[in-house]
Amino acid sequence: MPPTLVTVAVGVLLGVALLGAAFDCRSLALVAVVAAVPDLDAVLSLFVRGATNAALHNVFVPLAAAVALYADTRREESWLRARHGWYGVRVAWVAVAVYAVAGVGMDLFNVESAAVFYPVSNRYLSVVGKLVLSTQEGVVQTYVELGDGWLAAVSQGTTESRHIPTWVNPTPGTSNPPGADRTVRLVDSGWQLVVVATAAAAVPARFAVARRDR
Amino acid sequence: MPSSVVHAGFALLLAVGLLGPYFDRRAAAALIAVLLVPEADTLAGFVLDGAHRSLLHNLLLPAVAAVVFYRATTREESWLRRRFGDRGVRVVWVALFVHVFAHVGLDWYHLDGVNLFYPAVDRFFELSGEMYLSTGDGLVQTFVEVTADEGGTAVDAGQGGTTDDTHVANPAQPTEDTGTGGSSGADPVDRRAPIAVRGWQLYLVLTGLLAAAARTLQSAPPEDR
Chain A
1 MPPTLVTVAV
11 GVLLGVALLG
21 AAFDCRSLAL
31 VAVVAAVPDL
41 DAVLSLFVRG
51 ATNAALHNVF
61 VPLAAAVALY
71 ADTRREESWL
81 RARHGWYGVR
91 VAWVAVAVYA
101 VAGVGMDLFN
111 VESAAVFYPV
121 SNRYLSVVGK
131 LVLSTQEGVV
141 QTYVELGDGW
151 LAAVSQGTTE
161 SRHIPTWVNP
171 TPGTSNPPGA
181 DRTVRLVDSG
191 WQLVVVATAA
201 AAVPARFAVA
211 RRDR
Chain B
1 MPSSVVHAGF
11 ALLLAVGLLG
21 PYFDRRAAAA
31 LIAVLLVPEA
41 DTLAGFVLDG
51 AHRSLLHNLL
61 LPAVAAVVFY
71 RATTREESWL
81 RRRFGDRGVR
91 VVWVALFVHV
101 FAHVGLDWYH
111 LDGVNLFYPA
121 VDRFFELSGE
131 MYLSTGDGLV
141 QTFVEVTADE
151 GGTAVDAGQG
161 GTTDDTHVAN
171 PAQPTEDTGT
181 GGSSGADPVD
191 RRAPIAVRGW
201 QLYLVLTGLL
211 AAAARTLQSA
221 PPEDR
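Protein chains in written order, with my numbering: chain A, 1 to 214; chain B, 1 to 225.
Since the hints were derived computationally from the structure, they do not count as laboratory data. Be careful, since some hints might not be right.
Computed, partial: chain A to chain B, Cβ under 7 Å [to be verified]: (1) F60; (2) L80; (3) L125; (4) V128; (5) K130; (6) D188.
Being a predicted model, the structure only gives us computed values, none of them experimental. Glycine included, every Cβ here is placed at the ideal spot set by N, Cα and C.
Please model the entire structure based on the sequences and the hints provided.
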């Protein structure tokens with residue numbers, strides 16, 4: 001997975017973008033936490049082999065949340081609206097979007113990949129490649145390649161064959177040797193640092209804007 | 001440069017929240033114009049050696065612009081506010097934010113980086129490195145490396161060449177000597193205009209579009225708030 005710090009930064013940026021009138025410290029904190037939740041499947045991987053980037057990094061968790069949310073809010077006597085009003089509904093929808101886009105989506109667009117159809121399929125998928133216009137070669141596109149079978153290039157192994165090391169579970173399998181070297185990655189590359197810095201700057205900017213709009 | 005498409009995607013994500021009620025097609029078009037204009041230093045590259053990523057890709061220009069905007073918008077009889085209202089003031093500030101973070105910030109990481117303090121200091125900086133906490137090494141960061149030995153202290157913040165010896169490739173001028181005429185040799189020059197390279201660039205584009213689309217679907221808050 002990309003570092004949790006970067007995932008949270010993207011979640012915060014999405015929160016800044018989408019919370020609108022529901023933007024405040026509380027909703028922003030909730031959104032930041034939601035962005036980090038999928039990375040908890042690393043803890044599960046201590047009990048279930050290969051759960052990292054699979055057990056919570058799939059489309060079914062946000063899909064189920066979205067369906068439940070839709071079913072509740074379209075009713076006349078919606079539980080969520082009765083309890084938290086318009087604010088609660090907005091924050092809930094943004095949280096679902098952040099889970100799917102920042103929490104799961106970011107891993108999908110990364111070589112570390114996510115098993116987005118787990119547990120239906122335990123294959124790690126990733127969308128990496130390029131889209132370039134060239135005067136010599138025309139349009140070069142390698143994000144989605146149709147190999148033998150389908151989408152051959154995007155597969156990155158299965159939860160059985162590949163272990164994604166994390167600081168929680170650095171070694172393959174469910175064993176957890178106490179002496180293992182553990183690394184908490186914070187920022188992997190320059191663009192991630194730019195994203196983190198942007199999120200750090202966007203939050204005070206958004207608060208300033210919110211004061212003005214009121 | 002990461003392509004203007006990537007800049008625009010990231011900028012859209014930022015603009016949706018910061019423009020707030022002023023977010024509409026016109027404001028978005030203005031921001032995209034602000035993202036495209038700095039690429040004009042590509043054209044200056046034909047006459048001024050190394051102008052691309054120097055002339056309009058630096059931090060001094062936005063710093064000066066910020067001071068000018070601040071003075072222009074806080075005065076009682078602000079010209080900008082009188083002419084374009086609160087909306088104009090907001091768009092100008094968001095444009096500056098987007099230019100610094102979505103354009104200069106992302107370019108800082110790409111290829112030879114950007115000439116951050118041009119024209120005061122002519123030096124390209126490239127942002128590269130990583131940061132992690134490990135049980136063996138503690139907190140490690142390699143973005144800015146400080147090494148001290150007998151010869152003194154050396155700071156490596158990714159600085160590279162100057163405008164004299166650095167050319168950041170771009171589709172208009174793929175190599176330093178091709179100039180306007182393209183190739184003189186046998187092989188035609190391959191001009192490549194990247195749209196998105198690697199997963200994260202496509203991800204930023206899609207996330208920006210998604211945020212803008214989601215914004216149009218959102219319901220207005222009830223009146224009593």
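List of violated hint numbers, smallest to largest: 1, 2 and 3
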